[in-house]
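S.K.: Using the sequences plus the hints, can you model the full thing?
The listed protein sequences correspond, in order, to chains Z and W.
Using my numbering, you'd call the opening residue of the first sequence number 1 and step up by one each time.
Using my numbering, you'd call the opening residue of the second sequence number 1 and step up by one each time.
No wet-lab data here; the hints were simulated from the structure.
All C-beta atoms in this analysis are idealised placements derived from N, C-alpha and C, irrespective of residue type, glycine included.
Be careful, since some hints might not be right.
[Said to hold, decoys possible] Just a sample of chain W residues kept apart from chain Z, beta carbon distances all over 12 Å, derived:
1) 13
2) 14
3) 17
4) 31
5) 109
6) 120
7) 167
8) 170
9) 173
10) 245
11) 246
12) 282
13) 292
14) 299
15) 310
16) 320
[Unchecked claim] To spell it out: a stretch of chain W is covered by chain Z in this simulated footprint if at least three of its residues, at any positions, have a beta carbon under 8 Å from a beta carbon of chain Z; those stretches are:
17) 78-87
18) 94-103
19) 322-332
20) 341-348
Number of protein chains: 2
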Amino acid sequence: MDAQGTLNPLPPIPAEEYKSRVAKMQELLDANRLDAMLVTSEDNYRYLTGFDSPTWVNLTRPRYCVVPRAGEPFLVVPANAAIICERTAPSIADVRTWIAPNPADDGVSIVADGLRSFATKYKRVAAELGAESRMTMPIGDFLRLKDMLAPIEIVDGFKFLLALRMVKSPAEVARIRRIAGIVSDSFDALKGSLRVGQSELEAGQIFKIDMLKRGAHTVPYVCVSSDRGGYRSINVGPCERTFNKGDLLMLDTGSAFEGYYCDFNRNYVFGKPSDELQGFHQLVWDSTEVGLKAVRPGVRMCDVWKAMADYLAANAGKGYLRKKQGRLGHGIGLRMCEPPSFSGIDETVIKAGMTLTLEPSIAFPVPGKDGTEERVVVHEENILVTEKGCELLTRRAPRELPVVN
Amino acid sequence: MDAQGTLNPLPPIPAEEYKSRVAKMQELLDANRLDAMLVTSEDNYRYLTGFDSPTWVNLTRPRYCVVPRAGEPFLVVPANAAIICERTAPSIADVRTWIAPNPADDGVSIVADGLRSFATKYKRVAAELGAESRMTMPIGDFLRLKDMLAPIEIVDGFKFLLALRMVKSPAEVARIRRIAGIVSDSFDALKGSLRVGQSELEAGQIFKIDMLKRGAHTVPYVCVSSDRGGYRSINVGPCERTFNKGDLLMLDTGSAFEGYYCDFNRNYVFGKPSDELQGFHQLVWDSTEVGLKAVRPGVRMCDVWKAMADYLAANAGKGYLRKKQGRLGHGIGLRMCEPPSFSGIDETVIKAGMTLTLEPSIAFPVPGKDGTEERVVVHEENILVTEKGCELLTRRAPRELPVVN
Numbered sequence: 001m002d003a004q005g006t007l008n009p010l011p012p013i014p015a016e017e018y019k020s021r022v023a024k025m026q027e028l029l030d031a032n033r034l035d036a037m038l039v040t041s042e043d044n045y046r047y048l049t050g051f052d053s054p055t056w057v058n059l060t061r062p063r064y065c066v067v068p069r070a071g072e073p074f075l076v077v078p079a080n081a082a083i084i085c086e087r088t089a090p091s092i093a094d095v096r097t098w099i100a101p102n103p104a105d106d107g108v109s110i111v112a113d114g115l116r117s118f119a120t121k122y123k124r125v126a127a128e129l130g131a132e133s134r135m136t137m138p139i140g141d142f143l144r145l146k147d148m149l150a151p152i153e154i155v156d157g158f159k160f161l162l163a164l165r166m167v168k169s170p171a172e173v174a175r176i177r178r179i180a181g182i183v184s185d186s187f188d189a190l191k192g193s194l195r196v197g198q199s200e201l202e203a204g205q206i207f208k209i210d211m212l213k214r215g216a217h218t219v220p221y222v223c224v225s226s227d228r229g230g231y232r233s234i235n236v237g238p239c240e241r242t243f244n245k246g247d248l249l250m251l252d253t254g255s256a257f258e259g260y261y262c263d264f265n266r267n268y269v270f271g272k273p274s275d276e277l278q279g280f281h282q283l284v285w286d287s288t289e290v291g292l293k294a295v296r297p298g299v300r301m302c303d304v305w306k307a308m309a310d311y312l313a314a315n316a317g318k319g320y321l322r323k324k325q326g327r328l329g330h331g332i333g334l335r336m337c338e339p340p341s342f343s344g345i346d347e348t349v350i351k352a353g354m355t356l357t358l359e360p361s362i363a364f365p366v367p368g369k370d371g372t373e374e375r376v377v378v379h380e381e382n383i384l385v386t387e388k389g390c391e392l393l394t395r396r397a398p399r400e401l402p403v404v405n
Numbered sequence: 001m002d003a004q005g006t007l008n009p010l011p012p013i014p015a016e017e018y019k020s021r022v023a024k025m026q027e028l029l030d031a032n033r034l035d036a037m038l039v040t041s042e043d044n045y046r047y048l049t050g051f052d053s054p055t056w057v058n059l060t061r062p063r064y065c066v067v068p069r070a071g072e073p074f075l076v077v078p079a080n081a082a083i084i085c086e087r088t089a090p091s092i093a094d095v096r097t098w099i100a101p102n103p104a105d106d107g108v109s110i111v112a113d114g115l116r117s118f119a120t121k122y123k124r125v126a127a128e129l130g131a132e133s134r135m136t137m138p139i140g141d142f143l144r145l146k147d148m149l150a151p152i153e154i155v156d157g158f159k160f161l162l163a164l165r166m167v168k169s170p171a172e173v174a175r176i177r178r179i180a181g182i183v184s185d186s187f188d189a190l191k192g193s194l195r196v197g198q199s200e201l202e203a204g205q206i207f208k209i210d211m212l213k214r215g216a217h218t219v220p221y222v223c224v225s226s227d228r229g230g231y232r233s234i235n236v237g238p239c240e241r242t243f244n245k246g247d248l249l250m251l252d253t254g255s256a257f258e259g260y261y262c263d264f265n266r267n268y269v270f271g272k273p274s275d276e277l278q279g280f281h282q283l284v285w286d287s288t289e290v291g292l293k294a295v296r297p298g299v300r301m302c303d304v305w306k307a308m309a310d311y312l313a314a315n316a317g318k319g320y321l322r323k324k325q326g327r328l329g330h331g332i333g334l335r336m337c338e339p340p341s342f343s344g345i346d347e348t349v350i351k352a353g354m355t356l357t358l359e360p361s362i363a364f365p366v367p368g369k370d371g372t373e374e375r376v377v378v379h380e381e382n383i384l385v386t387e388k389g390c391e392l393l394t395r396r397a398p399r400e401l402p403v404v405n
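M.R.: Here's what the structure looks like:
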């Protein structure tokens, strides 16, 4: 294959780092009067244990990790997954199994017994319940587990995992840096493959293939959006629409290397753009510049949002803020989108080691068949917060729209 | 790009088909004394509405669909997703929005009001709670919703969706047939790209790229497993291990076209295999043959399982059944793995139009450093149940192990 060198794995995240994450989780549990935490979702499971397998795509069998306030965590996995634990989660010695699928008891009684054995001090255990969490088990089983544990209380512990996960270790940053570099290269190369008459589906496929050739491990999120003078949405998959002269095209991707995501987009215009369209592109690019200057430890997410949003509003001309998007960027890591958000209501204080996206967008009218139609331009970069400010993980997009002739 | 012709979309699934699915769901709701059903997960959402977007990878914002016992369903989506509904779910006219992320109320109050307005007859509503379901919203919000609705009861409705989804329409079968054909071609082509000294990671990447080149839309599940004289697991991602003469290699994929999955594997051996290894491969191939002959409408899943398992046990020689796998095949569709299962406890009666995998495996010992080590061979095909029996959707693997020299 092409460029196979880029598949070179990074040094593995050592067992000590996983043990230290678990120890920090245990401190948070005790400080919050919690006896244990139940973890079920792919990203949190991998964060605490290293467990790594495509098997999360298979929704038949759930997997559980129980972290007690003190002592050793244990995993509860289907018998056929024990070997995945052995290979990818060697820091966890205690692996309990059942033969799945078994709808009558898919691991729930083992989890209940384990949680109950730990819940002796505070009679409170935590689970992934809070905003942006996704509990990855049948919720009928969770309700049953809740009844089995009563009067032991189950409260949210997702916020503690988030607090730990927001600041990345050097090993985590290296993975995000790798994938952001791969995708930066793919976006640069893509310009030469685009042409009038091509469909969004074709462009998206070329882009996915190129990212894999350069060493991306997974390319689960590829949005492609194009239309005359600007696109209509930034969250749609590619369709059969073919490119015409005068179109603005956007591709956006959440792609991953060893489980860690980048998330950014690039714009391309077919033929020379109007001054107005060029202006809107430069506006979101300049708003990103405002964000790059505003981000530093100690500043709140909402402060950076305000600096970027104010800049957009003050310079929008015929354009206007897209309130329906709700934010102008977010965290990246084991998820493509994770807290915190650059929004008006997120008061999270920025710390060195956070990995974030800056993602300003603007809406504007273009003449349509029946009056005006709404169009959008969005621009996104990925950054690492440093001690004094921030550093780009993506290769900065050009301020002038790349033209496909 | 290569082979771009294969990207040609199939005729879209018409709005009438989505409306008919909703109508059947409504019949099931009323027959089971339920006022409405709340749907949150990607596959069920797409099944009922057509909603199609890569945005499910982003876990920040949930999406809700409410199907009443009678009348029109409605969607509750973040404001920035309304355009996705307009484009991909035109059969649903009622789309309600909120600006997300808003941790204080991410759509929950709109959903609660809607469910409450319908829950007037039976005072019971359904949600995705049962075995193999995944509710795709924060469960803290679900518990809050439960409290807001009380005394209205929330019970499982996932089983009704499954009942509908198990039998595929011609449009659904066409999509599964397309992806099974693409992947069959990729597996055939892969043999020429394999060589001693290559790593599992490289082989996996070549395979992913080839499937995309042939028109697969997504390749989320790619397992690669290799070892001397047989592999150790069938659910692990590719690693740095390089191939040696005497290795058995397996690649397994759940890949999709327009949202519909195939799920099957192929085996390759490096150099002439031992008679014993060849025998175990032929055993699982022959057991698949037993399954192909046993599947027909009216037979139960557990009966086919028994026929295949009995054949394996009776002819295993030094080998033995892998009880820890729990089953010998399963349903495929909008999920890579969906009910029913070819297991000893699944009494689901097979119907024409079901799409299933037959996936027999066998374990056996090989001499190792310290005594014997366990190895596995698995073989999988995808089928469509017809009026009189079944039909292969995959190109049947050769009975003789393909040899890489």
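S.K.: All hints, please: hold or fail.
M.R.: The hints, checked one at a time:
no. : hint    : result
1   : 13      : holds (14 Å)
2   : 14      : holds (16 Å)
3   : 17      : holds (19 Å)
4   : 31      : holds (20 Å)
5   : 109     : holds (14 Å)
6   : 120     : holds (24 Å)
7   : 167     : holds (19 Å)
8   : 170     : holds (21 Å)
9   : 173     : holds (21 Å)
10  : 245     : holds (21 Å)
11  : 246     : holds (21 Å)
12  : 282     : holds (23 Å)
13  : 292     : holds (22 Å)
14  : 299     : holds (20 Å)
15  : 310     : holds (19 Å)
16  : 320     : holds (14 Å)
17  : 78-87   : holds (count 8)
18  : 94-103  : holds (count 6)
19  : 322-332 : holds (count 7)
20  : 341-348 : holds (count 3)
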